[in-house]
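Novice: Given next are the chains, with one letter for each unit.
Protein chains: 2
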Amino acid sequence: MTSTDPQPGTGRPSYGERLAAVTGRRGRLCVGIDPHPGLLTAWGLADDPSGLEVFARGVVSAVGDLVAVFKPQSALFERFGSAGISVLERVLADVADAGALSVLDAKRGDIGSTMAGYARAYLEDGGPLAADALTVNPYLGLEALEPAFTAAVASGRGLYVLARTSNPDSDQLQLATRDGRTVAQTVVDEVQARNDASSDGLRTTSRQAQDAGVGSGATGPFGVVVGGTHGQAELDLSAFTGSVLVPGVGAQGATVADLAERFSVPRLLLPTSSRGVLAAGPDAPALRQAVTALVAETAVLG
Amino acid sequence: MTSTDPQPGTGRPSYGERLAAVTGRRGRLCVGIDPHPGLLTAWGLADDPSGLEVFARGVVSAVGDLVAVFKPQSALFERFGSAGISVLERVLADVADAGALSVLDAKRGDIGSTMAGYARAYLEDGGPLAADALTVNPYLGLEALEPAFTAAVASGRGLYVLARTSNPDSDQLQLATRDGRTVAQTVVDEVQARNDASSDGLRTTSRQAQDAGVGSGATGPFGVVVGGTHGQAELDLSAFTGSVLVPGVGAQGATVADLAERFSVPRLLLPTSSRGVLAAGPDAPALRQAVTALVAETAVLG
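Just so you know, the sequences run in chain order Y and B.
Take the first sequence: its letter number 217 is residue 217 in our numbering, and every next letter is one higher.
Take the second sequence: its letter number 107 is residue 107 in our numbering, and every next letter is one higher.
Be aware that one or more of the hints could be misleading.
[What the hints assert, rightly or not] Simulated restraints on C-beta separations: (1) R12(B) x P168(Y): 28 to 36 Å; (2) S238(B) x A286(Y): 39 to 47 Å; (3) G99(B) x S264(Y): 55 to 63 Å; (4) T292(Y) x S238(B): 58 to 66 Å; (5) G24(Y) x E143(B): 33 to 41 Å; (6) R12(B) x G180(Y): 46 to 54 Å; (7) A93(Y) x A284(B): 50 to 58 Å; (8) Q289(Y) x P168(B): 48 to 56 Å; (9) E234(Y) x P168(B): 22 to 30 Å; (10) A197(B) x P285(Y): 48 to 56 Å; (11) A46(B) x G99(Y): 32 to 40 Å.
[Unchecked claim] Covered by chain B, according to a simulated footprint, are these stretches of chain Y (three or more residues, beta-carbon under 8 Å): (12) 113–121; (13) 136–147.
Keep in mind that the hints were calculated from the coordinates and are not lab data.
Yeah, the Cβ is synthetic: ideal placement off N, Cα and C, and Gly gets one too.
Bound-form chain Y, shown alone:
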């Protein structure tokens, strides 16, 4: 099991600790809240802000007590402008009220004081859109994201940095190399360096814990996003201690068992299912059944 040490200085548990606690109780499943037009229609809802609200809050209402992590997709709220963002604010509050964690999938990335603006929007206490973790994009470099790393660790929040995606043309940029290392591997290594730094001052770092054989070690606050079709063959995650957000389980083919085989660190995986769960709605018992079945599958991840 993981350390329960509080984050140094804050007295609040780190994101890794909070993630370990809730997945320990509820299983290791992340449910994507993706209000696509087609899903709203399938649920008998209008493709407008009121339909969006019924859909997104309905998901949390139906399965909020069963799910460890929810991942709202910001794009599908943004398409309704401020009215959609207002719904997103309420959904994030609902997730917290349900005792689950929220990973806002917004893939933000910028530099300096602009990146600090994103951090303030999504990673600081009291913000209307504060989530437990945020997905970010490393195209401008890992140092450019520093305001987000700093804000996250200061308030017990997390980040998931895009590393390797499963769309067909992702190789072009993500497998480009510099100094013999792919871009995707550089992202993993740079994120891990920040996990190591964030654990300074804790009684036991995850590496020390591993070296000492005292269990699987603490989960770092900073994770990566890796497509389910990619595994250890092309990306070395063996030294990684953050969690690994894997989108598209279920509907897009990969099963949780596939992932457990494909990745060298199955205990860190956070498999995410969106349509695979949401297509069972709007009937709440059917949604609960779909979630329960997927949560049971995640037991293999340990």
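Model the placement of chain B on the given structure of chain Y, informed by the hints.
Specialist: Just chain B now, kept in the frame of chain Y:
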């Protein structure tokens, strides 16, 4: 939602044509609307949604008739959640009312139907946040951005794809190579391929225009973002026909004259100044004077 009609079928001028027209009248300056906390304070405003509104709409009110293009920075509106996005909606409407073009600096990037959600938010008629152009992030690959390319060209809008930024650690990803080409150059080349495709069916493509010696050719709808410290030495823009958005002119050191020397295609540059202009406020005559001086400098770009 996205029409597959090519630009020639819409009867609306392309983004490149609209950009050429407005910069022909007003000069080639883009003013960044960056409501940083420090700027709001310097203007004597509260760092809250009402201060944000006075600041951002005040900039457009003061210089909207002088400026060809405004670039609101989404992050600095997002930090106030839906209340900030509501202000952004009004700012985008103000920019259109002033006869200027808007480039929303949001650096979005995702895949498939999620990217289509962003396109619907920012690049389609009738959307509350529809801008004349949007900045996007290519980390997931250029094909992943296809819904945005399609939506933009269908409605006479544009995109600026991040290529090469001037922050110190940007080399790590942007100068990684694959098949002998840097990531940044691949972005430029892939964006240009889409400019070429978008001009199919038009009476005269830009290349044909250049070959025929009939002037400098049409401006493609798809541009790139390139930091002002980078020039032709490391990035080949000689075949590029989109516009090149160059942030940070003025406050961060580079002058328009520097850029004209540094880039091989000065006629395509769109120099952007944010703090260099905004620091002159809130006094409207002082803002107008700062803008007028910078616009005069852009005459060197032709």
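Novice: Tell me, which hint numbers fail for this structure?
Specialist: Hints 2 and 7 are the ones this structure does not satisfy, whereas the remaining hints hold.
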